[in-house]
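Participant: Chain by chain, the residues run as shown.
There are 2 protein chains.
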Amino acid sequence: MKYCCSFLLLLLFGISGGFAQDKVECWGRYEISLPAKVKGNPFDIELTATFSGPDTTLTVRGFYDGNDTFKIRFMPVNQGVWSYVTQSEIPVLNEVKGRIECIAPGKGNHGPVKVDGTYNFKYADGTRYYPVGTTSYDWMHVAGNQPDQTVKSLELSKFNKIRMLFFVQNFDPDYPEPSMFPFEIKKITKDEKGKPVYEWDFTRFNPAYFAHVEACVDKLARIGVEADLILFHPYDGGRWGFDRMPLEAGVRYLKYLTARMSSFRNIWWSLANEYDFLRELKPEYWDTFTHTVVENDPYSHLCSIHTYTAKYYKYWEPEYTHASIQDQAPVEGFGRAATVKNIYKKPIIFDEVCYEGNMDNRWGSLSGQEYLYRLWQGLIVGTYVTHGECYMDDPKDYSRDFLAVGGTFQGESWKRIGFTRQILDALPNPLHLCDSSWDPYTSTAGENYYMIYLGKEIKPEWAFDLPVKNAFYPRLKEGVRFKVEVIDTWNMTIAEWPVVFETTAPVKDRVYDKNQGRVRLPASPYLLLRITEVE
Amino acid sequence: MKYCCSFLLLLLFGISGGFAQDKVECWGRYEISLPAKVKGNPFDIELTATFSGPDTTLTVRGFYDGNDTFKIRFMPVNQGVWSYVTQSEIPVLNEVKGRIECIAPGKGNHGPVKVDGTYNFKYADGTRYYPVGTTSYDWMHVAGNQPDQTVKSLELSKFNKIRMLFFVQNFDPDYPEPSMFPFEIKKITKDEKGKPVYEWDFTRFNPAYFAHVEACVDKLARIGVEADLILFHPYDGGRWGFDRMPLEAGVRYLKYLTARMSSFRNIWWSLANEYDFLRELKPEYWDTFTHTVVENDPYSHLCSIHTYTAKYYKYWEPEYTHASIQDQAPVEGFGRAATVKNIYKKPIIFDEVCYEGNMDNRWGSLSGQEYLYRLWQGLIVGTYVTHGECYMDDPKDYSRDFLAVGGTFQGESWKRIGFTRQILDALPNPLHLCDSSWDPYTSTAGENYYMIYLGKEIKPEWAFDLPVKNAFYPRLKEGVRFKVEVIDTWNMTIAEWPVVFETTAPVKDRVYDKNQGRVRLPASPYLLLRITEVE
Chain L
1 MKYCCSFLLL
11 LLFGISGGFA
21 QDKVECWGRY
31 EISLPAKVKG
41 NPFDIELTAT
51 FSGPDTTLTV
61 RGFYDGNDTF
71 KIRFMPVNQG
81 VWSYVTQSEI
91 PVLNEVKGRI
101 ECIAPGKGNH
111 GPVKVDGTYN
121 FKYADGTRYY
131 PVGTTSYDWM
141 HVAGNQPDQT
151 VKSLELSKFN
161 KIRMLFFVQN
171 FDPDYPEPSM
181 FPFEIKKITK
191 DEKGKPVYEW
201 DFTRFNPAYF
211 AHVEACVDKL
221 ARIGVEADLI
231 LFHPYDGGRW
241 GFDRMPLEAG
251 VRYLKYLTAR
261 MSSFRNIWWS
271 LANEYDFLRE
281 LKPEYWDTFT
291 HTVVENDPYS
301 HLCSIHTYTA
311 KYYKYWEPEY
321 THASIQDQAP
331 VEGFGRAATV
341 KNIYKKPIIF
351 DEVCYEGNMD
361 NRWGSLSGQE
371 YLYRLWQGLI
381 VGTYVTHGEC
391 YMDDPKDYSR
401 DFLAVGGTFQ
411 GESWKRIGFT
421 RQILDALPNP
431 LHLCDSSWDP
441 YTSTAGENYY
451 MIYLGKEIKP
461 EWAFDLPVKN
471 AFYPRLKEGV
481 RFKVEVIDTW
491 NMTIAEWPVV
501 FETTAPVKDR
511 VYDKNQGRVR
521 LPASPYLLLR
531 ITEVE
Chain B
1 MKYCCSFLLL
11 LLFGISGGFA
21 QDKVECWGRY
31 EISLPAKVKG
41 NPFDIELTAT
51 FSGPDTTLTV
61 RGFYDGNDTF
71 KIRFMPVNQG
81 VWSYVTQSEI
91 PVLNEVKGRI
101 ECIAPGKGNH
111 GPVKVDGTYN
121 FKYADGTRYY
131 PVGTTSYDWM
141 HVAGNQPDQT
151 VKSLELSKFN
161 KIRMLFFVQN
171 FDPDYPEPSM
181 FPFEIKKITK
191 DEKGKPVYEW
201 DFTRFNPAYF
211 AHVEACVDKL
221 ARIGVEADLI
231 LFHPYDGGRW
241 GFDRMPLEAG
251 VRYLKYLTAR
261 MSSFRNIWWS
271 LANEYDFLRE
281 LKPEYWDTFT
291 HTVVENDPYS
301 HLCSIHTYTA
311 KYYKYWEPEY
321 THASIQDQAP
331 VEGFGRAATV
341 KNIYKKPIIF
351 DEVCYEGNMD
361 NRWGSLSGQE
371 YLYRLWQGLI
381 VGTYVTHGEC
391 YMDDPKDYSR
401 DFLAVGGTFQ
411 GESWKRIGFT
421 RQILDALPNP
431 LHLCDSSWDP
441 YTSTAGENYY
451 MIYLGKEIKP
461 EWAFDLPVKN
471 AFYPRLKEGV
481 RFKVEVIDTW
491 NMTIAEWPVV
501 FETTAPVKDR
511 VYDKNQGRVR
521 LPASPYLLLR
531 ITEVE
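Protein sequence lines, in the order shown, are assigned to chains L and B.
The first sequence stops at residue 535 when you use the UniProt record's numbering, and every number in between is there.
The second sequence stops at residue 535 when you use the UniProt record's numbering, and every number in between is there.
Note that the list lumps identical chains together, so a pair holds whenever it fits in one copy or between two copies.
With a cut-off of at most 27 angstroms between alpha-carbon atoms, the simulated DSS-like pairs for lysine-lysine come out as follows:
id, residue 1, residue 2
1, 311, 114
2, 469, 396
3, 477, 311
4, 314, 346
5, 282, 469
6, 114, 314
7, 314, 122
8, 311, 469
9, 314, 282
10, 345, 314
If you're looking for bench data, these hints aren't it; they were derived computationally from the structure.
Take these sequences, add in the hints, and give me the full structure.
Facilitator: The structure is reproduced here in structure tokens:
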């Protein structure tokens, strides 16, 4: 049964083992495997392949995968016949030619996520994508069954993105040594405490480490989760030194990684987590690293970088497709996240707004309600807010800490993610404030489709009252009939108010109900009103 | 007496009438007047002068001032001897040489305002400058004594910046024709209603119009007010057509204006008011206009551009020295303006946050208290908030509307500006949140100098409680003794609390008073706590 399952997945993802298979689904992956014994460092060999297909020619970089084998991976982006030819200084790797047929994508394959318009995302096939992600830094690097449990938890929770570290995290000095590293080890010595000190050969990679990460990313693809892969992080503290690589080593690593992984349709590049804490890397390195990733990714996957709280980055640079922000302040009140959106004019993801958890610090101790509140403060204005939870039994016991090592969710807010996504998926268009800065409460999702989030306020009723201005949609007119649904975002209920409302003519900037109608509200916080046209 | 006064002012500003005067104060103005009869359009003549002085060489552009006279204006930026030589294709304008001695600046002359560090301003002589400005679009273009009354009002109120339009504003169809225009009139016809329709010669300027603006800017300099000159605006509506000039005409106008006025030490360039409403100008024109101004201003005066509410501009471009923002949302609550500051990493001036007034609209009907509240919400985090007031007796009667035509202030908030500036001027450093996004209430002005704005909240007491983190200053230590002053920003009182506080050791992120001390507060809104070290 297991064998059968793997075989099916192979077909589903269009992963080829060699030349034999010439059909691959759109946004699937085609892999060419070329045996070659070379002199010197095989990781130094330049190998590219040019794929020419319907309306598109793409040149992709190959890579050495160990065992005297070079590989080229390709993600076809249009259906139809593609021909390819390789280029290399090594004769046996040069002028290798072939043809593949790109067929319709399989079920659940919508292609990579792209920026849609100014503020939002869509899959390549045109399906809307609202990112509702979580975070687990080290889940891929944990031993045993835990990674598979993490994938199950993600599937159950309905998160559709995860932020995760490519390099293993050094949680504390007693955190065990990982079983694999991405680079070849030149030498291991011991420090005065008997701990290993590694000397790396940054010019030689360990393909098994990359293959493991790739397998994890493919598992995420199967459950519709985008892999927001964090390429550098400061949580190494010099233990392994991946937070202080020379510039050249960093560039080499990024070129190798993008050659291997650009063909993964669910990959996103996050240059760093808290890049400003990588104090051994010079600030100007980040431009070089960013350019390296963008220039070596022929598919232009989503790309951003993450800073410490409220530091903000130059996300206006064209290399960054969206802003990946750490700052809770913009989602702590009404309309604030809209200001960030208005400034950057790109999709905004608040990737860190503090986490649900029980940690004895200010960033890991939100209640589930507070996270859900922050999530909706972001969502209501058309920005996105990433989840994370860190429940720990003891300051040194990371075993239950999903943020750290994945596994099983312990908290409360994750249970509301599926319901939240239902509300989002029902929208005709992404949310946007109707009248930015003049009315921080009322959002539109199109003509005669409004949402008002009530946040923490508990009030007995809501008087029908909408702005005339409706963002980039036509202004609200007189005589439109609306129903109002009261959505309890915490308790996950939707109750339709039994009376239909009908708009007055505009009174200055607002319209009201002709009968001065009101909706009685339950005495609960975290309510959301959905106000939509009825016949 | 009037003659004597003008003579003194001439000396004070170092304005020369010709070659005779060879001493000019630093950041004063030296003017060379060169008679020349030329063929063709004298405004087409290129004339420059290179001034070489201590450590600096500056090339400035001259201009045709009518009456067969060309002029070169120069603002020396260092004390000492400067020599100059002119360049032109016209022999009589070429190779004119001379020397001037730049002497110490006179009283009240601190030089032009420059950006200081990341978020703030200083005068060229190092004196701190906190912009507390107001707005009067058309004050220069009003007939009679009104402009002089405006200057008196500005002096009385202690505003130190004013936003004002270079081109006259078309308030309504009945607004009278101005007595002068900046361009030569080719032809006047009448429309079907008998109103004049002008055809302009955009290649020929009216020097008298520019001279009038210059005289107004000099009057502002004398009372220490920076002239934030708005170079384009949409409030023409096609009546005179200055909102829809061809690109070439716009560039020509900006080159002429900068040649005439870059030597005015108190000039700031505001490319436009609500640039996005100038719908007849293509978006890309603004890059050209901005580059024209910056490249033709040898002194790099402050430069920005202003948009409609919440639209925000690419103030990260190097040409913009600061952000000139229209948006009330960031100053409607605690810490929000800090987010804007954190993103742009430049000085932030909220140049339009709605206005105090009695207009029947949402932008001109703030109470004086509400404006003062927004002012302090900006100031407390180290951003700046411009004032404006528009009191009108009738929707068509602009005579009392300071925003429109200047004159005399009618409102309440302007009376608090002098007091506000006293508080600012007493700061050892500009304000900045101690712990951005974690504590949106507490600001620092240096080591052991804090300010907390209480806004609209009325509460009986304030328990001594400060963050350990103190922005870029050393962390707050145990055993520091503080006094607390309760400043009523509306009633303009300062009351020192009689008990001295002494800090505990940090308790996580906060420090408290060793005796759990509290300050009893008056039952008033708009209070500000100033918490400073005592011996």
